[in-house]
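Each chain sits in its own coordinate frame; assemble them with the hints.
Each protein sequence line maps, in turn, to chains L and C. With the first letter of the first sequence counted as 1, position 340 gets the number 340 in my numbering; the numbers rise by one all the way through. With the first letter of the second sequence counted as 1, position 200 gets the number 200 in my numbering; the numbers rise by one all the way through.
Take the hints with a grain of salt, since some may be wrong.
[Said to hold, decoys possible] With a straight-line Cα cutoff of 20 Å, these simulated EDC-like cross-link-like pairs (lysine to aspartate or glutamate) come out: (1) L:K66 / L:E50; (2) L:K703 / L:E314; (3) L:K136 / C:E202; (4) L:K390 / L:E728; (5) L:K578 / L:D332; (6) C:K36 / L:D320; (7) C:K36 / L:D332; (8) L:K136 / C:E145; (9) C:K36 / L:E728; (10) L:K69 / L:E50; (11) C:K36 / L:E314; (12) L:K350 / L:D332; (13) L:K547 / C:E145.
[As the list claims (entries may be wrong)] Which residues of chain L face chain C? A few of them, derived with a C-beta cut under 7 Å, are: (14) R144; (15) G146; (16) V225; (17) K232; (18) L233; (19) I235; (20) E346; (21) E405; (22) Q406; (23) H409; (24) V413; (25) V416; (26) D543; (27) S546.
By construction, these hints were calculated from the structure, which means they are not laboratory data. Source: prediction; values computed, not measured. Ideal placement from N, C-alpha and C gives every residue a C-beta, glycine not left out.
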Amino acid sequence: MPLSTEEVEEIRKILGREPTEEELAMFEAQWSEHCSYKSSRLLLKLLPTEGRHVVVGPGRDAPAVKLFKDFAIVFKIESHNHPSAVDPYDGAATGIGGIVRDILTLGAKPVALLDMLYMGEPWDPHANWLIRGIVKGISDYGNRIGVPTLAGDTWFDTAFNTQPLVNVACVGVAPLSILVLGSPKPGDLIIIMGNATGRDGLLGSSFASKPLAEDTDKEIGAVQVGDPLTEKLLIDSLQILVSRGLVKYVKDLGGGGLTTAISETCADHGLGAVIELEKLHTRQKLTPLELLVSESQERMLIAVEPSKLREVEEVLRSHDVTYSIIGHFTGDGVIRVFYNKARVAEVSAKELARPRAVRRASYPPTEALKGLKPLYSLPPEPSYEEALVKLLSSPNIASKRWIYEQYDHEVGVRTVVKPGLGDAAVLRLLDGSSRGFAVKGDANPRYTSIDPFNGAANSVAECFRNLVAVGAKPIAIVDELNAGNPEKPEHFWYFEMMLKGVAWITEELRLPVVGGKVSFYNEDYRGRQVKPTTTIVGVGRVDDVSKAMTMELKESGSLIAVIGVTYPELGGSEYLFKLFGVEEGEIPRPRPASELRNATFILKAIRLGLLNAVHDISVGGLAVALAEMAVLGNLGVEVSIDSVYARGVQRVDELLFSETQARYVVEVKSDRVEELKKLAQKLGVRMSVVGRVLDKPIFTLSKSSKTILSVDLDLLKDAYNSLERAIEGGA
Amino acid sequence: MPRIAIVKFPGTNCDEDVRHVLVNVVGLYAEIVWYKEFTVNQWDAVVLPGGFSYGDWLRAGAIAARTRAVEELVEARDMGVPILGICNGFQILVEAGLLPGALLYNDTGRFVCRWVRTHIERPRGPWLALAKDGQVLDMPVAHAEGRYYIDEESYKSLLLKSPMLRYLQGFNPNGSLYDVAGVGSEDGIVFGLMPHPERASEAHLVPRGFSPGGRVIFESLSYSLKRGW
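Just chain C, same shape as in the assembly (with noise of 0.2 Å):
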């Protein structure tokens, strides 16, 4: 059975909520880890979920991405580990130049917690393998820095190659550039997105009106795992 590690840091508050959907939803074996023990060897899959590492001192992410955890993480992206970052997670991603861009307060200085609706584009690698290119996936974000921002050179050399989630029309929270929502590696074994997948796994707690869009990032892990990708 694959290992899928869920590295906590000081102030993660998700890690629960993603072991449940990992272990009771799509039925893999996962682990939360904290972060002085994580280590890269015992692992075939990571996640970094959302919280507050750190207290968001500094900016979102920043102190996280300088752990010894980090670095390790960079080891397991090089031997082709899949990584996904969710919200607090992302930012480490981002901060620690795993995913580029940045990720800044939102537009409206405040923090937001709704229901949004994204789509795919591109999707390749371990974390989208079952979604389709333009599927609407919905999901709610939370974050107070989630204003994705990237250089216009870069969202066509990077982004426009590789897999990238879009905020629908009239669904962007925070003024994200271009719309985005999430981004991947070109090959798709990094992840990181601000909606919260796990937080739409699960058809009870989806408001009427919206479905379940987390579930398909972890039933295409679970996929991949066993057929690779």
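For reference, chain L alone in the conformation it holds in the complex (with noise of 0.2 Å):
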């Protein structure tokens, strides 16, 4: 988004002169709200960020907790949406890209990406062509920079057929004493290593400040192209200069190119910069002002002493790291740039860096009362068997393997419960010990479109019960805001909405929003916002990943176990939209203290060994979660759903398919179900023993002693492996 008329005005006044275009462009880039934040930092306030866990909270490059005492787990989401819709290869690539730099800046290793993926409907021509684009260059950068993919999330739904959300997350970890929390002092010498410049992605971040435009091909100049080896160059050279102790700070270059790296870094840390500008390595003969904003990728600042010189460039030499000397901090808070002795911008940096917040009008559109509506007038119910065949082979529920086998999700030889098989993907530290954490990305952005508030609020829970399923304590989340345009107040009320709703569910959770992102302008060229999304992505901590629990059923002759209460609540379902095409309702609510109480249930009943596997309940309900995990083991099993606690339930469909949160599945050894039972009671968890694992591929619920639906396993099989059919065509 250009500057206003207002903001040229306000930039005139903090220099006290006409600025140089050079100086525009600076404060063009920098005041972006995708690099300032400014529609957004108000509201951001609202999140609980601090905890008992938290190292660095939100402002650095990323923040970090602390996972066990002696080791740190770093972790940031971002989104590239705009790019992606352009050049989905290139656009999906570079945000893997970017999410890892903004990791290696506090010194941690990188150990897992993941990605959270808002795409069209797999049998629309430009949303196919988008979605293999997505997923290629996802695979093609992160599998090079040998860090493993999991974990993610997928959505399919027309409102994204053109404006995707490409939403990605890092993880990396380090022993808590090497990482790198310094600041750069006066003197200190400012080095670009890693790719050179060149006149790609000028004025993204800008780009990415607005609308789509109807012809997109004409934005292809704003989007970056990514260079993995580069990247994985500049991994490997930072692991070592970090582990010697030769660097004090680091920031990426991102959104805003060096001139936001640069103004950013001296407004944090109270400095000033000399820059020379014809020193930076480059690609092709650039001007100043091109210089200053490109968003060339694979590019890190780094602050070296002096007396360190030698040894980095040592390092980067042997690494075949290209990097060059630009300048150098001052104490003086100015920013001065020259190109070939002549001086082209000179700007305070916390006047660049602090554009004013704006407190943006707000208010909810008319289509927001499709949220609030009771469903008091059901269609007739559907053969079951129709329904859960139809629900397993919904691309949003399907088995996601067409994409994650795409991924190299075990390089590193961290993965203990691997994609497809577990609630969240776990991974160990690799240290000696059997310590590890768990990760898992969520959203649904049905349910954030019909109400933004619990929507974004069970995107959180779901997140939780995901992480906690697989036997991991929940220690913090970060979380991605993708809205529609800040300047459209009914628009901004969705954004305003979700964010209140991570907020207050975080607060009753107890789990610190350590950092985010927001997306806005999520719009098409005819100014519809795509379906807002909350998107978050949480980490957990495991003591013995040898105990992580997956899904899918191991044993014929064990029980099966409801976990707490479901209510008749389809609003928002993929049973409603799947089967009868409505997409409205009072979706369910938010359950955050059953969400407690269940969770420390789960988490101790597996300590004690008396469970083989375990299952949250989310899109498609009860009976799509039972068919997964008997799917997935192979197995058959036994349900009757008269035992299954509910109130108010009235009709099957709304038991067998209603998305109630706070609910898990649980296989119980046969041997331990009393044990089960008891720790039931003592923590006030509803819980039913509702069936067994058969030994044969059959899979039954019946009710009052009636079969309801029997279908072979190998139906639902079918079903659940539908991706691939959708999106590469053939039978």
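Written as structure tokens, this is what we have:
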């Protein structure tokens, strides 16, 4: 978004003169929504960011939390929505590159990548092209840099046919003692290492801060192109520099390029800088202005004491990493930029990095009423078999194997619970102990578009449950709020409500929000916002990875129990959409008190070794959760739904397909069921034993001793594995 | 104590994984050696680990195969030093002519990361000393260019006389000819394979229904370096 006339006026006032064109470009990059959070900054203060595990909260390139007393986890989320709409392959790939570099800034080793992809319907030709390009971009980039991609999330919806949401996250680990938390000092040299600067991604963050044009091809110059080999060299050489204590400050050159990296560093640490632009290594001849705002990828800034320069140069040279020394920090708070000795900009760092926050107008559109509408007349119930098969083959539920098999999810030899088998991924620390962590990304664009407050809260709750289901204690989350145009009050309302929903439930669940990102202007060329979406990535502590839980059924003869109470909450369900095309009604209510109680119960039961499998109940409801466990374990089940704890439920489909929160299905070892019941009683948890695991491949549900559904497991398996067909075509 | 070099090129990414298994699981001495610093004389065995040397530009393994490090490797082979190439390391060995055949783009056109089941034929040499003929080895693959190709004549004259790893029926992930997952030199001193044995050497990394099939390769090396082969 170009600067407004008021903003230009303000710049004149700051400088006390006419700005140069370089200065204007620097302000434009720095004051863009993407870099400055000007529309969201005031509301973001609502989020709880503190907690006893938090080492570094929001503010630096990435937050850090204490996973164990001697080990930190560094993780962050980012969106690459706009570039991926124009050039899905490079847009998604460079999203991965950027998020990894954020993790590197604290000196952590990147050990996991997540992609949360909200894309169009596979059968729409344009959406299909985007899906393939996005996944291939992530695959080619993530695989090449040797960081496993796992634990992501997907949703397929016609709302994203032309403007997908590509959210990516990275997790790094580091012993607490080596985290790079220092500040640069006056006199420290500014080194830019990595890729040569070129004319790509010019003002990319500004491009991301306005709606997409109808003819997106014209924006191609604003998309950067990735070079994973250089990224890998950055990762490897930074590990060496950090382990030898040669750098005390690292910063990514991301949105806003050199301008943002310099001005944020200076503003955060009360410094100024002298920059000699002609020293920057480049791919081609660039003007000073282009040098300042180019968003060429795979570049990082390091601050190096002059006495350590020689050693740093040796490491960079031996690792084939190109670099240039472009200036130094000063103590006076002013950024002075020269090009061949001629001054092209002189700006106070604080003024540049601190645009005024804007309080945007906000009001609900009439469309928001659909989330308040009780469902008083449901369509007649279909055949349950048809419903279950349709749900399992829905791209939102079906196995995501077509995606995760394109990602190297095992490199690093840390992946204990792999994609497709666990509600979250579990990775070991590989430090000689059996300690590890779980991580998962979640969102439900349908929920947040119907009811942004409760929908966003449910995204947090689902992430929380997914971590618990594998046996992890959740310790912190980061969030990405994907919203429409902040200048339109009826778009901004969704953002405001999503944010408040996250703030509310994280307080209830005592889960700090240690970092996050906001993406605005997610609207199509007609000005319609895509489904506003709250993406949550959470991490949890795992004391012993060998006890981590997966969801597939393991043993015939063991029992099946449902944890939690089921309510008639079909609003916003996959069932109503898939069977009847209805996307409205009250969505399931967030239930933080039950979430906490039931999580304590599940974690305790796992620790005591009472369970064989755990699966959280989410999209598709109880019937889908049971079917997934059966299909993945290749074992049949026999379940009587009469004994499921329910309140106010009148119809069978409400019981089978409601997406009520705070529920799990567990497989209980047959000789431990009494212990489990006692534990439930002690903790005040609603638990109902509903059936058992069979040694034959038949999936059977009954009510009042009458079979209401009985299907061959192969039929369900075929439905569950249908995503490849949906994307690649063919029978 | 025998010394093992794990040669790292720009873009290699399984070097630390292999070192972890050699050092912490099998108990050998292993070092990651930057390709510029690799010389033949100091090492008792060499592993080329997986990854994307030089970003897979041109063809997987093609650029690394033309480095001085690989010239040194040829010398090592002539001196009888055991050489193992895993995934990209296998691609490099094939590109360098140290092993026969070629590795083409997967028939699906996509990268694939998946556990597969293979079996070993004619095990011999330092990398397979403890494996039995026909033994089933489970390991994951993770590659985009792993479709093995060889002409029929060379298949009969070379492969059928050498140690070989084959995907079991239903597990060929990439359309490899003759289901070839890995091949060795006739004496087994050089061995290359697409699956990742280092990811299949510890029980808790193995998904249910599979077993850690990679470990026997590293244990064979340990055994062979101590006893000879």
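Tested hints:
no.: 1; hint: L:K66 / L:E50; in the structure: 12 Å, holds
no.: 2; hint: L:K703 / L:E314; in the structure: 73 Å, violated
no.: 3; hint: L:K136 / C:E202; in the structure: 30 Å, violated
no.: 4; hint: L:K390 / L:E728; in the structure: 19 Å, holds
no.: 5; hint: L:K578 / L:D332; in the structure: 62 Å, violated
no.: 6; hint: C:K36 / L:D320; in the structure: 11 Å, holds
no.: 7; hint: C:K36 / L:D332; in the structure: 44 Å, violated
no.: 8; hint: L:K136 / C:E145; in the structure: 14 Å, holds
no.: 9; hint: C:K36 / L:E728; in the structure: 43 Å, violated
no.: 10; hint: L:K69 / L:E50; in the structure: 17 Å, holds
no.: 11; hint: C:K36 / L:E314; in the structure: 14 Å, holds
no.: 12; hint: L:K350 / L:D332; in the structure: 11 Å, holds
no.: 13; hint: L:K547 / C:E145; in the structure: 36 Å, violated
no.: 14; hint: R144; in the structure: 4 Å, holds
no.: 15; hint: G146; in the structure: 3 Å, holds
no.: 16; hint: V225; in the structure: 13 Å, violated
no.: 17; hint: K232; in the structure: 5 Å, holds
no.: 18; hint: L233; in the structure: 6 Å, holds
no.: 19; hint: I235; in the structure: 9 Å, violated
no.: 20; hint: E346; in the structure: 40 Å, violated
no.: 21; hint: E405; in the structure: 5 Å, holds
no.: 22; hint: Q406; in the structure: 5 Å, holds
no.: 23; hint: H409; in the structure: 6 Å, holds
no.: 24; hint: V413; in the structure: 4 Å, holds
no.: 25; hint: V416; in the structure: 6 Å, holds
no.: 26; hint: D543; in the structure: 14 Å, violated
no.: 27; hint: S546; in the structure: 5 Å, holds
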